[in-house]
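Novice: In case you want the letters, here they are:
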Amino acid sequence: MGNLVEIENLTVAFRSKRREGLFRSGPSLKALDDVSLTIGQNETFGLTGETGSGKSTLAKVLVGLYRPTSGTVRLLGREIDYKKRKDIAFLRQNVGIVFQDPVRSLNPSLTVKEVITEALIAAKSIPKKDYDERINFITKLVGVTKDLLPRRPRELSGGQRQRISLARALVVPKKLLVLDEPTSALDVSIQAQVLNTLKKLKSELDMSYLFITHDINVIKYVSHRLGVLFYGRLVEVGDTRTVDTEPKHPYTQSLISHVLTLRKVGLQETVISEHRPAPTGCRYRIVCPAAFEKCAEVPNWVNLGGDHLVSCFLYDHSSQKESRALIPAAAATGGDLRVPPHEHS
Amino acid sequence: MAVDNVGENEARQTLAPAVSAPSSNVARPRNKGGDVVLEIKDLTIDFVSVDGRVRILNGVSLMAKKGEVVGIVGESGSGKTTLGMAILGLLDSPPANIVSGSITFEGRDLLKLKSSEMEKIHGTGINMVFQEPLDSLNPVYTVETQIGEALKVQRKRQDPPVPQESEGETKKLITDLLRNLCIDKPEEVLERYPHELSGGMRQRVAISISTVEKPRLMISDEPTTGLDAYVQSRILGMFSAQRKAGETLLYITHDLTIASQICDRIYIMYAGRVMEAGETRGVLQEPLHPYTSTLVASVPQGYEDASPLSVQLGEPPDLRNLPSGCKFNPRCPHAKDVCKETEPKLDEISAERYAACWRVDKELGKFS
Chain A
11 MGNLVEIENL TVAFRSKRRE GLFRSGPSLK ALDDVSLTIG QNETFGLTGE TGSGKSTLAK
71 VLVGLYRPTS GTVRLLGREI DYKKRKDIAF LRQNVGIVFQ DPVRSLNPSL TVKEVITEAL
131 IAAKSIPKKD YDERINFITK LVGVTKDLLP RRPRELSGGQ RQRISLARAL VVPKKLLVLD
191 EPTSALDVSI QAQVLNTLKK LKSELDMSYL FITHDINVIK YVSHRLGVLF YGRLVEVGDT
251 RTVDTEPKHP YTQSLISHVL TLRKVGLQET VISEHRPAPT GCRYRIVCPA AFEKCAEVPN
311 WVNLGGDHLV SCFLYDHSSQ KESRALIPAA AATGGDLRVP PHEHS
Chain B
472 MAVDNVGENE ARQTLAPAVS APSSNVARPR NKGGDVVLEI KDLTIDFVSV DGRVRILNGV
532 SLMAKKGEVV GIVGESGSGK TTLGMAILGL LDSPPANIVS GSITFEGRDL LKLKSSEMEK
592 IHGTGINMVF QEPLDSLNPV YTVETQIGEA LKVQRKRQDP PVPQESEGET KKLITDLLRN
652 LCIDKPEEVL ERYPHELSGG MRQRVAISIS TVEKPRLMIS DEPTTGLDAY VQSRILGMFS
712 AQRKAGETLL YITHDLTIAS QICDRIYIMY AGRVMEAGET RGVLQEPLHP YTSTLVASVP
772 QGYEDASPLS VQLGEPPDLR NLPSGCKFNP RCPHAKDVCK ETEPKLDEIS AERYAACWRV
832 DKELGKFS
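So the protein lines, in turn, are chains A and B.
Each step along the first sequence adds one to the number in the working numbering, with nothing skipped, and position 131 is 141.
Each step along the second sequence adds one to the number in the working numbering, with nothing skipped, and position 365 is 836.
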């Protein structure tokens, strides 16, 4: 089975509005830097990272809202040329998106039915007589009752609005659904209901998910594979269970150890310092407890077996003389971010 | 060491022991029999509008002892924010109408105080951190001015008043404070305006304004909602440092995982009522009330192949249109006839453990 989406060396840069001179534009900021990943058929790919790591930028590239600065995006084997309208249309035909804020993503002046119908009209491929049948089918599936259809978004609760966003995205069948923090704005019991619905939907409609969230508990629960972004760069990709139980990259280790769970009752007394990305080389090296000289270069991807990839020199034995022992997760919890300098010199 | 900014690194080294102090959970100040700082009794608040009267809080009682972290957990519409605002006396009247009850802070009923007296309690007595820091920070003043202002108030109100520091000293104090919160380059942050900061940074500035006043009771309303795990950890770390200093903290949240981390006791609220209360560990590990069980079950556990989360359908309650009997009964899988007819009272089930549910057997002390 081929991959549904293949992203290769994707870079998205934003130019700063502040100009440095009359003819010189300001510095550009790479929201995504050389990101490569694939999403398989019927797979849920989880993408996580802290605020500003570029998660949403990737989502927007996949629906054609941002253009890549360089790199390629292939959908169903077809390379997308972001300058061609036809390609963008192809992208939108096959990729749906649900945003975080259910208030701002629905038109307040339309009724629920009109909101969903708009998506059908935009698709153009569906005959008008089929509209009602489709709306009935999808609303039943996502759990929107019929009495909600004539209402307007402001009369609905957050969970209902998010279900309507889902219905709108899926009323025309999609191959990939991008979910950008779909449950962050919801109450916990509603979040659980929406997660259950999402899992059910995926088994009934033949499609893949790109699930983006900073909530590790949620992403673990929904995704087959997990990718971790740190300031625009992917640092680790692998099977969710493997990444969760044996994180390799120092950043992932620290991230996983900071996840709050119900079982871990007790006070966390460490305070982590601000994450400042390094401008060159491995972006995590400024705060990394295991950083050494080599980290000033961009690390290669190392395959640890079973599609578990990590971008870190600690595991790259080809470019390193002595192989360093893995850092225990405890060292990466932020308690002590320093490694005695003599260890590396 | 391949770190390009050596100076920065040194700063972190000197700082590290101060912030990430040994995680001595053992030496936690519990003082169980400590003085009661805050006691709310039977508080009932209505909001009155042209559409009618809506009961936001209904007979809420709670208590916080000195040095305790008390969690108020509930979903939207449970009245937890209204409760926080009521303690501070920030509810506008109209629409708010306090029907009955009392809020006793250090022996004084706050509801009977004049606004001039209340003003003296604000800041150094009771302080609140709001969910949206942009709303609580002044957009036209720099971070330094705003923290400095709070510091001035704190100095003035001490008994006897402490003389104000010179401008240079104040600046140094504030810089140290921000550095202790792990804010990079505090000197630069001082000069900035709230809109120039990231969400997590803003929230930390808002919290530092509160902490610098050293309040005897701090209320924080969902301070980490919408922030990522790291920022959350940083903020929770700050609060834990504060409780070490013996401050009482009222922590309002909808997130059970956070509550389980920092709260000594929690109150579970639903539709303006306390449904269950008790020591955090007990409540979360052996919930008595079906609503608490629902909340616990809503926290995703396991991986992709795990079974669906066992939550009941249904939305948070509509306060304008509440069901009769137990307010949770339409969503409750265990509801009996009595639950639909009469509302249960909050009863002490076992020591320091309260629940409002007909299905909880008082003799057995558990759900049956």
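A hint or two may mislead.
Unchecked claim - As a list, the in silico EDC-like pairs of lysine to aspartate or glutamate whose alpha-carbon atoms are at most 20 Å apart: (1) A:Lys-212 <-> B:Glu-775; (2) B:Lys-685 <-> B:Glu-640; (3) A:Lys-212 <-> B:Asp-776; (4) B:Lys-623 <-> B:Glu-638; (5) B:Lys-623 <-> B:Glu-662; (6) A:Lys-210 <-> B:Glu-667; (7) B:Lys-537 <-> B:Asp-776; (8) A:Lys-70 <-> A:Glu-16; (9) A:Lys-93 <-> A:Glu-18; (10) B:Lys-537 <-> B:Glu-750; (11) B:Lys-816 <-> B:Glu-577; (12) A:Lys-304 <-> A:Asp-317; (13) B:Lys-512 <-> B:Glu-577; (14) A:Lys-138 <-> A:Asp-111; (15) B:Lys-833 <-> B:Glu-757; (16) A:Lys-70 <-> A:Glu-30; (17) B:Lys-583 <-> B:Asp-513; (18) A:Lys-209 <-> B:Asp-776; (19) B:Lys-643 <-> B:Glu-659; (20) A:Lys-150 <-> B:Glu-786; (21) A:Lys-156 <-> B:Glu-786; (22) A:Lys-27 <-> B:Glu-823; (23) A:Lys-150 <-> A:Asp-254; (24) A:Lys-210 <-> B:Glu-775; (25) B:Lys-807 <-> B:Asp-776; (26) A:Lys-150 <-> A:Asp-140; (27) A:Lys-209 <-> B:Glu-750.
For the record, the hints were derived by calculation from the structure and aren't laboratory data.
Novice: Holds or violated: are the alpha carbons of Lys-70 (chain A) and Glu-16 (chain A) at most 20 Å from each other?
Specialist: OK: Lys-70 (chain A) and Glu-16 (chain A) at ~15 Å, within 20 Å.
Novice: Check the hint pairing Lys-150 (chain A) with Glu-786 (chain B) against an upper bound of 20 Å on the C-alpha distance.
Specialist: 17 Å, holds
Novice: Would you check the hint for Lys-583 (chain B) and Asp-513 (chain B), treating anything up to 20 Å between C-alpha atoms as holding?
Specialist: Since the Cα atoms of Lys-583 (chain B) and Asp-513 (chain B) sit roughly 15 Å apart, the hinted pair holds (cutoff 20 Å).
Novice: Mind checking the alpha carbons of Lys-212 (chain A) and Asp-776 (chain B) for me, to see if they're no more than 20 Å apart?
Specialist: Distance ~13 Å between Lys-212 (chain A) and Asp-776 (chain B) Cα, so the pair holds.
Novice: For the pair supplied as a hint, Lys-27 (chain A) and Glu-823 (chain B), confirm whether the alpha-carbon distance does not exceed 20 Å.
Specialist: 59 Å, violated
Novice: Could you grab the alpha-carbon distance between Lys-512 (chain B) and Glu-577 (chain B) and see if it respects the 20 Å cut-off?
Specialist: Within the cut-off at roughly 14 Å; holds.
Novice: Taking only the CA atoms, is the gap from Lys-537 (chain B) to Asp-776 (chain B) under or equal to 20 Å?
Specialist: 45 Å, violated
Novice: Need the status of pair Lys-210 (chain A), Glu-667 (chain B): alpha-carbon distance at most 20 Å?
Specialist: Violated, at roughly 42 Å.
Novice: Just to be careful, I want the Cα atoms of Lys-156 (chain A) and Glu-786 (chain B) compared with a cutoff of 20 Å; is the pair within it?
Specialist: Status holds; Cα separation ~16 Å.
Novice: Is Lys-209 (chain A) close enough to Glu-750 (chain B), meaning Cα to Cα at most 20 Å?
Specialist: Since the Cα atoms of Lys-209 (chain A) and Glu-750 (chain B) sit roughly 35 Å apart, the hinted pair is violated (cutoff 20 Å).
Novice: Holds or violated: Lys-150 (chain A) and Asp-140 (chain A), Cα atoms, limit 20 Å.
Specialist: Status holds; Cα separation ~16 Å.
Novice: Would you mind confirming whether the straight-line C-alpha gap from Lys-643 (chain B) to Glu-659 (chain B) stays at or under 20 Å?
Specialist: 13 Å, holds
Figure legend: structure checked against the earlier numbered hints; hints not met, in rising order: 6, 7, 11, 12, 14, 16, 22, 23, 25 and 27.
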